[in-house]
Every structure is written in structure tokens, then in C-alpha cells.
Amino acid sequence: MKIAVCINHVPDTETKIKVAPDNISIDRTGVNYMLSPYDEFALEEALRLRERFKGEVTAVSLGGDPHRDTLRKALAMGVDRALLLKEDGERDSFGVASGLAEELKTMSPDIVLFGKQSIDYDNAQVGTLVAALLGIPSVSVVVRMEVRDDGTVSCDREIEGGHETVQTKLPAVFTAQKGLNEPRYPSLKGIMAAKNKPIEAKPAAAVPARVVTVLMRRPPAKTPGRVVGTDKSAVPELIRLLHEEAKVI
Amino acid sequence: MPKFQGVDYFRMDGLLSGEEIMVRDTVREFVDDRIIPVIERHNRAGTFPMELIPTMAQLGLLGATLPPEYGCAGMNNVAYGLVMQELERGDSGIRSFASVQSALVMYPIFSFGSESQKRAWLPLLASGEKIGCFGLTEPDFGSNPGGMLTRARETVDGYLLNGAKMWITNGTIADVAVIWAKLEGVIRGFLVERGTPGFTAPEMKGKHSLRASVTSELILQDVHVPKENILPGGDGLRLPLSCLSQARYGIAWGANGAAMACYDAALQYAKTRIQFGKPIAAFQLTQEKLVFMVSEITKGQLLCLQLGRMKDAGTVRFAQISLAKRNNVQQALEIARLARTILGANGILDEYPVMRHAANLESVLTYEGTHEMHTLIVGEDLTGLPAFV
Ligand SMILES: Cc1cc2nc3c(=O)[nH]c(=O)nc-3n(C[C@H](O)[C@H](O)[C@H](O)COP(=O)(O)OP(=O)(O)OC[C@H]3O[C@@H](n4cnc5c(N)ncnc54)[C@H](O)[C@@H]3O)c2cc1C
Ligand SMILES: Cc1cc2nc3c(=O)[nH]c(=O)nc-3n(C[C@H](O)[C@H](O)[C@H](O)COP(=O)(O)OP(=O)(O)OC[C@H]3O[C@@H](n4cnc5c(N)ncnc54)[C@H](O)[C@@H]3O)c2cc1C
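Protein sequences appear in the order of chains A and B.
Reading the first sequence from the start, the letters are residues 1 to 249 in my numbering.
Reading the second sequence from the start, the letters are residues 1 to 389 in my numbering.
One chain only, chain A, in its complex shape (with noise of 0.2 Å):
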């Protein structure tokens, strides 16, 4: 079985994020970068159906050389191969898609995994846009996955309130949602392992962007609590408060 997983490289999620001086990115100065955690619920997976189906998982991300990190550590979880598709500058989520897309058309793996999104920007896009650039099926947002041996698969997703059971059929792209596995620790053989392990890297196929980014701009801050009174007194206007200005009740 050939199994593709994509996988980005994303600020931690402790960084306090800063707007730099453009105003239309982020300082990345002090930033600590993670493999972005829903990404790591899709590699797991990926190792798993390697473990039951034996085959090979390749690990691609779009970006620059930093991403190289998030490569190494998917090499020392287990993963076969790294590749890293390279882009020095920023890309919206189709840019990022099509990039992706391209190399996969050429791999054509059975399965590829993506996270439901990941907690850069948060759009959200890029698993299901690729499923389109190929033109295969897509499930989003999984929470379960059973691979039959006939090629069909039946997944759980998470939709409001409750889970909703899905089939298909390979080759197709599923999204992972937190409670799909418990991810693994890299082990550090796996990390020995790793460093003998080449990373691949060309550049990404070139896409003009579709969407831009014009502002960048923190949450106002927050406005200090108001203490309405301290006995029960202050219960009524509490409940106003709650209900008219906080809107919550």
C-alpha cells in the first residue's frame, strides 16, 4: 500500500504570536515551530496502516528549509521517505494544494492523509482541495477509519452533535480529527534511525496566489472584569448584564 501524508510545519502552540511590521504576517522571531498536531493524528495512522497493509509512507511538505524539521521528526516516527517541496514565500491554501497535488499525481498513492486543518491559519482547505486537484473522494474531519481489504473504507467523522459512519473507496484523501489514535512518540532509535535518513527536496510547482492577505491584526485586549456587587443584592443586575451585554444567557 502507498501512503502519502502531508504534513506542516507550525508555530507551537505556547508562541505568543506578535504581528511583524508589515502588518500581513506573523514575527517569527522566538518562534518555536511543532509539527502542526492534527498532522501528527495522520501520520500515526499512516504508520499504522503501514504496520497492518506492510508498504511504504512518504511524508511531503510544502515549505522552506525549516520544514525540515518537521520531516526529520515524521522520519523518526517511522515514515519511509521525506520530501520536501520547497517555497521560500508565502501561499494561500490552494497554492499550497496545488503544489502538493502535482507531486502526488505522480506518486499516486492509495491513500493520503492530511490533519482536518492545520493551527497556522486554520483554513482548513488544503486535504479536500487536493482531493479535488486529483479528483478522488475525500472524508474530512475522521475520527475513525476501517480499511478493508477490498479497498473500500468506512470512516466515523465528527459532525454537530454526533458521529456519522462514511464509506468509499481507494485511492481517496481522509482528513484526521483529534481522536482518530494516540499518536506515538518518536522513539529515539527512531531518532538515530533518522539521521542517516535523506530528505528529499525540490521546489514546488509554481501556482499564482487566488487569495491574498491584506491585514494581520491581534484581538482587541481584554477589557477588565467589573465587579457588579458582593452580596446577593447584585444577582438581577448581574442576570442584565449576563443577558444584554454579554449576550450569553
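Simulated from the structure, these hints should not be mistaken for laboratory data.
Fair warning: this is a prediction, and the values are worked out from it, not measured in the lab.
Check each hint, because a few of them may be wrong.
Among chain B residues calculated to face chain A with C-beta under 7 Å, some are [unchecked claim]:
#1 Lys-3
#2 Val-23
#3 Leu-59
#4 Tyr-70
#5 Ala-73
#6 Gly-74
#7 Met-75
#8 Asn-76
Residues from chain B shown here face chain A by an in silico Cβ test under 10 Å; the list is partial [stated by the list, open to error]:
#9 Met-12
#10 Leu-15
#11 Leu-16
#12 Ser-17
#13 Pro-37
#14 Glu-51
#15 Thr-55
#16 Ala-64
#17 Pro-68
#18 Gly-71
#19 Cys-72
#20 Asp-235
#21 Phe-318
#22 Glu-380
With beta-carbon atoms standing in for the labels, derived distance ranges [to be verified]:
#23 Pro-279(B) - Thr-213(A): 28 to 38 Å
#24 Lys-197(A) - Gly-185(B): 45 to 55 Å
#25 Thr-272(B) - Val-248(A): 24 to 34 Å
#26 Gly-206(B) - Lys-232(A): 30 to 40 Å
Don't be surprised by glycine CBs; every beta carbon is placed ideally from N, CA and C.
Go by the hints and put chain B with the ligands onto chain A.
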């Protein structure tokens, strides 16, 4: 509390390789996910978190520096040190478990064991299926282990062991004990398996320190071990001492990890605790404490890194390891105590990790050679004059 981000005031990361950083970050994540959420409960109950062993093994934390042919990761000593640092940021007891298994059990089997002993034990110890302990200290011989009373006598088909060991980490949970005993007056190592008649390992209770670690007595009464269970690769006090050098090396890193946990807790607390209308971090006295902590942690980090690089190059001397263990544990204890003061009354609660680390570090100051013994070791190295007796 926000996630631990590491303490790296002098950008030591720039001196580490990509693999070393990945190892450190992986163990850091493991500690945050698996150790910190359960450790206070185990510490209160006085139990070792056995449930962590399979994941620690899967990660490759046991015997990490030994070669892959025995199921180990073949890491360098710096990566191993970083593993110890992160584990002890979680708890000294967890680090002790890994230290004993790796440096005091797997290392002597690897270094002094026969090929068949290595093949039989190392993969099982690496995979965590078997647990080991190291019996050197006796009730009457701690700092002076050369005086040990435990004896081995040769029989037709093996050896008969008699004696008692005390303060043995992992003793009660161990499947195999590396026992040091005198055979015709010469110290030798023996592998004594759990369940061997005459061998018992009752747990020692009532500890105020290292509560999430098992500490035991080992009692050997006419314990018969087969011929093939003696470690054939050498004799004399040099053997157990070489194991201790391995373990002390890890402790130098580990103590710094405990110090980082305390500093981190103190810093977060100081920034949010308001007294006299200001965060207590805004007071000069608090800042002086925090600056002291970061200074000592930074010195300790650089000390460990150079020690590790020398160990990897094969040029390290045991007195240098003594200096690092002595310094880093002492400073970590000082940092833990200072952090406790910054937390005020909250510092004594187990809602915060500080008092647990402070209590643990009291053991760490004493075991693997007391603070004083390391002073004497470095003292002798400097002057050429032994001052032990
Ligand atoms: C939690 C814990 C776990 C342990 N795990 C193990 C283990 O797994 N295996 C093992 O073999 N041992 C283990 N030990 C034992 C440990 O190594 C000993 O406690 C240590 O070596 C000190 O020995 P002692 O306690 O007998 O103290 P003593 O040797 O009696 O020392 C008491 C005090 O006298 C000082 N002193 C002694 N001689 C001198 C001198 N010549 N000059 C100046 N001062 C001196 C010491 O520094 C110390 O302050 C453990 C101990 C603890 C607390
Ligand atoms: C076991 C126990 C029993 C107790 N029993 C009682 C009791 O019976 N009755 C009672 O009323 N209280 C009691 N206390 C509370 C005790 O008196 C307080 O803990 C103590 O006054 C410190 O207050 P705090 O813990 O809020 O620390 P904080 O006041 O928050 O202090 C935290 C740290 O900041 C430092 N700090 C604060 N302000 C400054 C400043 N301006 N400049 C420099 N440093 C500063 C402090 O020295 C400390 O290191 C008890 C506490 C404990 C631990």
C-alpha cells in the same frame, strides 16, 4: 500552569545537534503528558508508577547509550544526559528508576557480562519486560563500600551468597539484582534472580524523600546462584565504582532538570502573585532569587554539556563527574529551597512540584556518593592527598 518551555538563557541549544534536541523535546513531551499528571498521586501514595515503564521502554529510555544489537538506542552521552534532565524535571524517582536500570544494571552487564548474559538480559531490560536493581550499599557500609560484609563462597556448581544490602532502588520490583559480594576477599558481581531461594527484597517504608521510587533491603541467606551468573569481566571495587560514574553523570544532568522545574514554577508564580499591589516578581528580593536560579542552572547546563562531550570523546575523568554531581545537586537543592520561599505558604503544598523536588533532592545529595565524598574525591584529585580516613 503554562507548558514548560525549557530554560536556555545561554542558547545552549545552539551547541546541540538536531538529534539531541529531538530526543530532549520528545522526552519533555512524555514528561508533560504522562509523568506530571500522575506524579503527585504516586508521591502521596508512596508508589512507583509502574504503568509508565512500557512507554519509557518504547521511547528507548532504558540503556539508551548501549548498542542497537542488544535492543538499545545507541545514543551518545549528551542525548542520554538530556533524557535524564527531562525525566528528573518530572521527578527524581522516575529518573532514579531509569538511572538504575541503565547505568547500574544494563551497563555492568554490558561491560562485565559474558556474551550469553548480555544476550539473555539486555534486550529484556531495554524493553522494560525485566527490571533490575544494584546492590552495593549495606547497613554498615555506605560511603565506604569496600568494607562490605556480603560474601560469596564457591560451591561445586556455583556460588553461595550471604549478606544484606540496604537502600536499594527498585529492589522489590526487580527481576534481577546485580549483587556485589566478596569472593575470597575480592569484590565480584553476581546476577541474582527474583525468586531464588533465600533471596528476599522487602520494601523500606517511611521515606520523606523519593517517595515515587521503590527502595528496598535485599536479604541473602544461603542464596545459591549458578556458575554462569557471576560477571566474568573483572573484579575489585573498580567495577561497581565504574557503574556509579555512569549513574552520577546522569544525576548531574538530572539535578539540573529538577532545578529547572522549581525555577519555572517560581517564575510563573512570582509573575502572578500580587502582594502590596504588585506581582512579587517586581520586588528586588524575588528577582535576586530568580537571577541566582538562572545563573546556577546555566552554569550547570554548560558544565554538563562539556562533561558529556568529554565522555563521548572518552577523555572524561571520574573526578570531573564528581565535581559535576556535587555542584549540580547542591545547587538544585538550593534552588528548590529558594523556589519554595517564593511560593510562600503555597510552596509547601503538593499542588506545586517544588516541595517534592526539594525533598527528593535530599536523597540525591546523599546517594551515588554523598556530597562530602565527592568533595573528598575532587580534593584528592587536586592535591594528591586522600582525606578519607
Ligand atoms: C533513596 C535512596 C536510594 C538508594 N539507592 C541505592 C541503590 O540502588 N543501590 C545502592 O547500592 N545504594 C543505594 N543507596 C545508598 C546510598 O548510595 C548511600 O546512602 C550513600 O552511599 C551513603 O551511605 P550511608 O547512607 O550509609 O551514609 P554514611 O556513609 O553513613 O554517611 C553518613 C554521613 O557521613 C559522611 N561521611 C562518611 N564518611 C566520611 C568521611 N570519610 N569524611 C567525611 N564525611 C564522611 C557522609 O558524607 C554522610 O554525610 C540509596 C540511598 C537512598 C537514600
Ligand atoms: C503551615 C502553615 C500554617 C499557617 N498558619 C497560619 C495561621 O494560623 N494564621 C494565619 O493567619 N496565617 C497562617 N499561615 C500563613 C502564613 O503566615 C503566610 O503563609 C505568610 O505570611 C506568607 O504569606 P503568603 O504565603 O501569602 O506568601 P506571600 O505573601 O505571597 O509571599 C510570597 C513570597 O513573596 C515574598 N514577598 C512578599 N512581599 C514582598 C516584598 N514587598 N518584598 C520582597 N518580597 C516579598 C515573600 O517573602 C515570599 O517569599 C500559615 C502558613 C503555613 C504554611
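To see whether the hints hold, each was checked on the structure:
| no. | hint | in the structure |
| --- | --- | --- |
| 1 | Lys-3 | holds (5 Å) |
| 2 | Val-23 | holds (6 Å) |
| 3 | Leu-59 | holds (5 Å) |
| 4 | Tyr-70 | violated (12 Å) |
| 5 | Ala-73 | holds (4 Å) |
| 6 | Gly-74 | holds (6 Å) |
| 7 | Met-75 | holds (6 Å) |
| 8 | Asn-76 | violated (9 Å) |
| 9 | Met-12 | violated (15 Å) |
| 10 | Leu-15 | violated (17 Å) |
| 11 | Leu-16 | violated (13 Å) |
| 12 | Ser-17 | holds (8 Å) |
| 13 | Pro-37 | violated (15 Å) |
| 14 | Glu-51 | violated (14 Å) |
| 15 | Thr-55 | holds (7 Å) |
| 16 | Ala-64 | holds (6 Å) |
| 17 | Pro-68 | holds (7 Å) |
| 18 | Gly-71 | holds (9 Å) |
| 19 | Cys-72 | holds (8 Å) |
| 20 | Asp-235 | violated (33 Å) |
| 21 | Phe-318 | violated (26 Å) |
| 22 | Glu-380 | violated (36 Å) |
| 23 | Pro-279(B) - Thr-213(A): 28 to 38 Å | holds (36 Å) |
| 24 | Lys-197(A) - Gly-185(B): 45 to 55 Å | holds (53 Å) |
| 25 | Thr-272(B) - Val-248(A): 24 to 34 Å | holds (26 Å) |
| 26 | Gly-206(B) - Lys-232(A): 30 to 40 Å | violated (50 Å) |
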